[in-house]
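For the protein sequence lines, the chains are G and X, in the order given.
Residue numbering for the first sequence follows our numbering, starting at 107 and increasing by one per position.
Residue numbering for the second sequence follows our numbering, starting at 7 and increasing by one per position.
It should be emphasised that the hints constitute simulated quantities derived from the structure, not laboratory data.
Since the structure is predicted, the reported quantities are computational estimates derived from the model, not experimental observations.
The beta carbon of each residue, even a glycine, is placed where N, CA and C say it ideally should be.
No false leads were slipped in.
A few chain X positions that, by computed beta-carbon distances, are all more than 12 angstroms from chain G: (1) Ala66; (2) Ala272; (3) Glu482.
Only part of the chain G face toward chain X is listed, based on derived beta-carbon distances under 7 angstroms: (4) Ser259; (5) Glu300; (6) Thr319; (7) Asn320; (8) Ser321; (9) Gly644; (10) Gly646; (11) Arg647.
Spelled out, the chains give:
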Amino acid sequence: MRIDFQTDPARYRHWRIETDGNLANLIMDVDEKGGLFEGYDLKLNSYDLGVDIELYDAIQRLRFEHPGVKVVVLRSGKERVFCAGANIRMLAGAAHAHKVNFCKFTNETRNAMEDASANSGQKYLCAVTGSCAGGGYELALATDHIILTDDGSSSVSLPEVPLLAVLPGTGGLTRVTDKRKVRRDRADVFCSTEEGVRGGKAVEWRLVDDVVTNSRFEEMVAQRTGELAAASDRPAGENGITLGPLARDFTDNGVTYSAVEVEIDRQSRTATITLAGPQEAAPGSVAEMIAKGDQFWPLRVARELDDAILNIRLNELEVAVIQFKTAGDGAAVIAHDEFLEANAGHWLAREILLNWTRVLKRVDLTSRSLVALIEPGSCFAGTLAEIAFACDRSYMALGAFEGDNRPEATLVLSAANFGRHPMSNGLSRLQTRFLGEPESVMAANTHIGEPLMADTAEALGLVTAAYDDIDWEDEVRIFLEERASFSPDAMTGMEANLRFAGPETMETKVFGRLTAWQNWIFQRPNAVGPDGALGRYGTGRKADFNMDRV
Amino acid sequence: MLDTMNVNYDTSIPNNVGLSEDRRILKALERWHPGYLDWWQDMGPEGFQESLVYLRTAVAVDPKGWAKFDYVRMPEYRWGILLAPQEEGRVVPFGEHYGEPAWQEVPGEYRAMLRRLLVIQGDTEPASVEQQRHLGTTAPSLYDMRNLFQVNVEEGRHLWAMVYLLQKYFGSDGREEANGLLQRRSGDADKPRMLGAFNEATPDWLSFFMFTFFTDRDGKMQLEALAQSGFDPLSRTCRFMLTEEAHHMFVGETGVGRTIQRTCEAMNDADITDPTDVEKVRALGVIDMPTLQKKVNLHYTLSLDLFGSEVSTNAANAFNSGLKGRFHETRIDDDHRLLDATYPVLKLVDGKVETVDEPALSALNMRLRDDYANDAGKGVERWNKIIAKTGVDFRIELPHPAFHRHIGEFAGANATPDGEIISEAEWLERRDEWLPSDGDADFIDSLMKPVWEPGQFAGWIAPPKVGIDNHPGDFEYVKIEV
Ligand SMILES: [Fe+2]
Ligand SMILES: [Fe+2]
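Chain X with its partners taken away, still in its complex shape (with noise of 0.2 angstroms):
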């Protein structure tokens, strides 16, 4: 256990931000850093505090620095504070400052923007390492057990990054949100977290790889817009964090990919044809295809719902004001202040789905929704390519975002996956065969057995095709303490 009386902040936390010369920052962080502590130790990963876990830490943003491997208790992990280098020059790439010197300190009449943005960001960061901490028990192997808890000290270190941002540039205000970051509680009723998605239960390993694919993704879609910042330090935050994105994304869909991996050659190996034949392929012990589908339009759509409302007021202004810019803003070929361009959204018009030519401006988060699902398309057309490998005959499909929506233009009205309007009796007959029922995650739950054996992995998943840091198979990636 850290003594955190006694910190030595500069060899105990990574950082390139000079901490050991900023007084005020010392200050906070003394200060914010034993909660920090107790709320790993009451929500982080439950029953593997003391286990050595084979992690990645970084301890610096070079290639090299950032990432350094060895056992380590993961109360013990150095988080680190680490923005991507400054860039001689920059300036900001949108909105009406556009060309401007990029900002190094925060302008006033942003302040309370650019809080608001830091702190909805930030809560995300702890809400997922709480969504995730009873997972550790039914790990379907070490390999994946020692990924679940590099994306939760990962996410704590992202924590760590924008309370930095709050504390050094936001004053008593950003303290205060500081505090606030680790006194919400995913899914508790007197204190949720702010976003939707973040307070759903993550019950299950198969859970916790569409989650993150699907809504870690969301998180790479709002740090890439994050990174173009005119607001300097947050763009070199984020410019580094989705280094670490790109890892849980990694994890996401290679756990996805090897779930399908496993069931399809279950099917071959049984002679099953009919990838429909829910029963005879759940008999293998696998999980069956139309399952995983029903799986990625929940989390699918769960996570359109964290980008908001198609057109919105304050993706306008934080665009125009140069905090939040679109994805890969830089690469695009426009004005970078769309004053007068528009952006097609789609939208609910008398019942039925059209496309709405809206102010550019104000379609901000339809646009940067559109990017995400483009990306998302990408991933699961790599999933069809496994499926495809093995003979069997079935495409996985993004759903239509009129479908299952809670936030936006279609929240409340009943889509099928295919964006058709039906009516809610419809909908109430048939919403099990197109989200999990109580039955389909009962018998995912069934599936959820432990399996610590180094170089074992659980029947229902396939092993992976490279091991973490190039390591053998039967690696020990966690000495399990218990």
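Next up, chain G with everything else stripped away, as it sits in the complex (with noise of 0.2 angstroms):
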């Protein structure tokens, strides 16, 4: 079975939006028979890929498509329970590889509404009532404001570590201390607090930010969203522009967009990625990108690709590499970068470049080995050049290939390769790239708009390696064989190390952690053994653990 992002709000089975004015309620009452596989129940809102999936696709939909709402309020539409978090018989079933994806997949997620707050004047709130559990308080933790019913059996909690012997995999610690800042001590007793937390305690510790009665409950959040609306600089009066459904077509070994291109070789265990540039000239003005809509080629590109990663993260486990290509006009990928620059105070403008920012940030988390391959006829340039930093590797052709007539390669730096796509870490993709040597970064920008030739590009230390057409075909196909011999692991592990150099932050220690803490507890007898917690979890018996410290 071949798991699908793409959704719309009429195929939701566990999700609301509903929308008012310049709020909107995104309801979560999950289906409990509408489980992604077979084996489990979502009971007591509990979730699963697929339910976060409908989650993903409604907070895409609220930027695009609701320009005036300027809260979300999260809520549960079940009584007495608002989530219980990540559907425990679910994990105890995944393969490993699934489990880690999904983790991935959330906190992605998750990022996108801390995203929507920060960057785009879109505030979330959370309307808790009932009890909201693990994944459930994780959820809640991902929004500018939390408020907890006082009804004397309301709570927060990371049950995580007593009932199941494993860690929270959306953030959850992290933002305890990182972004809510709960005292270490505090933080310890409840995270080890299989009930959790409710009433005035949670707000003392900084769990949630108001406790309120349930009869003043709608007042209170009434009074948040006011005043976290007044705080937003999302227009009033404009219409959204509507994300429809994505040109697609699978085949056994692929998938066509219509800009992206996917190619699947299974023998070299290797996916092959192409972007083709714009067909058409920049618009001259928003009204002429509002009217282009989802097909305007930034935003067109980007979410095909985005589709194109998480397929592949998701369906296709066995690829080793992904190679990225590009074709096409670079002058006019480089024409709509400036275009979107110039119009960047513009909502959909802003919100077609945080997405970009959103998929390059996909790329960096994507646990294959990336390089991008800088060929003839090739259009790296701009936004399609951070695609090239993102890459563990890039290779570039030196000058012409024999009998082939399309242009010589070269690389486009424009601003979108100077800070406004942030990585996890904060950084650009060239400043973590040039750590060690940040007069690069600003010699690399006085080459802003020059077509790069590969022995520029070279010395510039924007690709790894020039080759002409005498070695590029061996010089690649050694790299991808050398690098499909691998350990998968242990590729897994280097990479991550590898990509983000410089500061943490607190999503690269949300994502720093989750690979290596709750994947290692996640593989460890005392969770996923015969006798450990995740196995025996619902069975009445207790887990049997190993009781050595590592």
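Grab the two chains, each in its own frame, and use the hints to assemble them into the complex.
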């Protein structure tokens, strides 16, 4: 079964979006029988990847289709339960790779909520009624403001450790300490108490922002949404654009989108993603951009790339290397970049730029070897060049290739490469690349807009190596073969270490600790062994732990 | 009124736990006690706090000590802390610790789970007092009024029992929970009691009798299961509570039985042979059989919901840990571990009611509910005997467990009392055939006129066969002080 990341509100089984002026209620009402796989019921508003795919879709639509929505209120559609977190039987039954990719995607989705709040004026408020446990509380943690009802039983909790012998997988621990800045000893108590914390103590410990009785609950929600809305710069009176279904065609060995092509060579375990540059000129006005809607090239290609990457992550587990290629006119790409830069204050241009930031981060966080092949006829310019900078290595063709009448390969820089799309570590990809030589960033900056030939690009440190047509084919082949021969686990670990030089942020901590600690614990017999906590959950039998500390 | 600043705890609080020597618990109780008395004044029986009520007080756990009768003002009732005598050499009777010595202290790893069990049980005790607080004013006799108050003060004592365990064994968290038990209020939108049935109104005396028959019986089953606990103080507490719970069920069973008795007699006197001729029967000022059946349908199903999900991880954990056993655990002939056993569970599979074998450990709520249904069914048969004796042609039946459910497998399903799955439209159309309608409630309400003359009874209910403490029929059980 292929897991599909495309959906739309008419097909949702687990969520509802109800907009009301500058407010939207995003209501979680999980269909118990709507699990992605067999073998578990999604009881008590627990979720699996299918539920989160809808959430991701909803968050994207709230930004593009509802420019006037300033505050999104996250609510439960069920009585007495807000959300019980990720479904435990699903986790117990899932393959390790699925669990990791599931956690990664859910993290990216929660980051997208924080990104909406921080960068696009769309604030999130979490209205917690009923128990809010594990992944449910992590969802709340991703919002700007948490209101908990004070009914004597509703609580927030992170019961993973006492209940399941694993860690919260969606940034719970990091957001408790770094975002909500809960005192470490209280955090320790909180994270080892299965039933969590309710009432006034939840506010005192900064686990939630307000605690209020049922009868005053909606009043408080209204007050806080009003305050959040007042601080938002989202426009009034603008119509959104519709995110239509992607034009896609799946074959056995790839997918064809309108501007993105995925080809999978199962023999060499390589996926090639080719992005096509714009066929048309950049719009002359924002009105023209709005008229193009979801067909506007930068938006269209970003959505297609996002879907392509997610498809490979979840459905093509054996792919070892993703090689990125581009085809088209670099100048046209730069023209689009310049248009977006010039109109960055317009809500739609802003959303498109921010969406690219998120898609590029998704590339950064993809645990496959990434390589950019900058060939004749390619258009690694501006935003598309940023993909090359997201790769572990990049190879550039030097000079003309015999029998190839496409233009010689060039690399073009634009504002997109100098801070427009920060990585999770808060730096641009070039800053991260040149962490030890900031002057190289300055040097590159002086070449903005110039089509750089391979020798210059190599000299500026922008590519790993430049090869002429005599060496090109062999060098690339050897790289791919070598890469595919390494241990996939070692590759995942090595690449994740090398990609994120520089400072830690909450995001890098969340992902770093997810890959290090959570994935380690998820492999250990104490969690997943036959007598481990996950396997025994629900049977009434206690886990049998190996008591050695590591 | 008690002077709570200078309570001599050994004389004013009957106990067999050495209260006056236990400084920790004394300190905790001194803080909790004033709040309890405030709660009793605010939420206890309304309008009768100054009346002298002929109540039974337990002063010791031996048969002579636990039933001392005398007149007392309810706020001065001596709520005691009494545990059944300790059994020499008692062991954990089930679960993974089967056969190990029973725990006299709470095992650290089970502290949270055990506390949760206590809080859920404890929360039901004051809840029913709150639900029943307005009933005194419409009592059908002083005898019934006294029974109501007896049930109320004993529920208060059950609260004490749970609070004692919380304060004695669960540190500051336990003290916090003990305060929480006084703060929640039945039916309050802001601070509801924890379980659904304990937030429903008990608007009239028939509801009270049905509640004590059906819902207190859930309490009995829970106490039976906790009485098996490997945590010995809990076991001993529950064993003693069960002796009181038996009286509550007596009040319920005889209350409904006397209502049935009166209806059948009135029908015979008026030569009405068709029990479904509701209009004619009601004209006699008694409660017709179809309405009684509807009340049974309502209270039985609300009580079934209290058993929780048929398949439950929490129940499995509590059993495996040795904290909550099965009904009559020690009399069951099996390995008492249930690691490989299965138990048949009634489920809704593709729109049909089916029996599915589930791991017995996870199906413990289902099993306890089956034991409950069996126990309740016996009481219903005793009612049917009363009807049969009068010659009236009617039987009261317990509805199918799929009917009118809000928790578990059948939550949200539309089923007839026979267990047939029907459409939502049919359910809405026929609901009033099966459950009390507003009209039914209005009729019952119209009968709720107080009768406060000693020895007199409202026209819809027959007098009891024997009095409390063997007193004659005209005994003044409550000396009303208005
Ligand atoms: Fe009780
Ligand atoms: Fe009771």
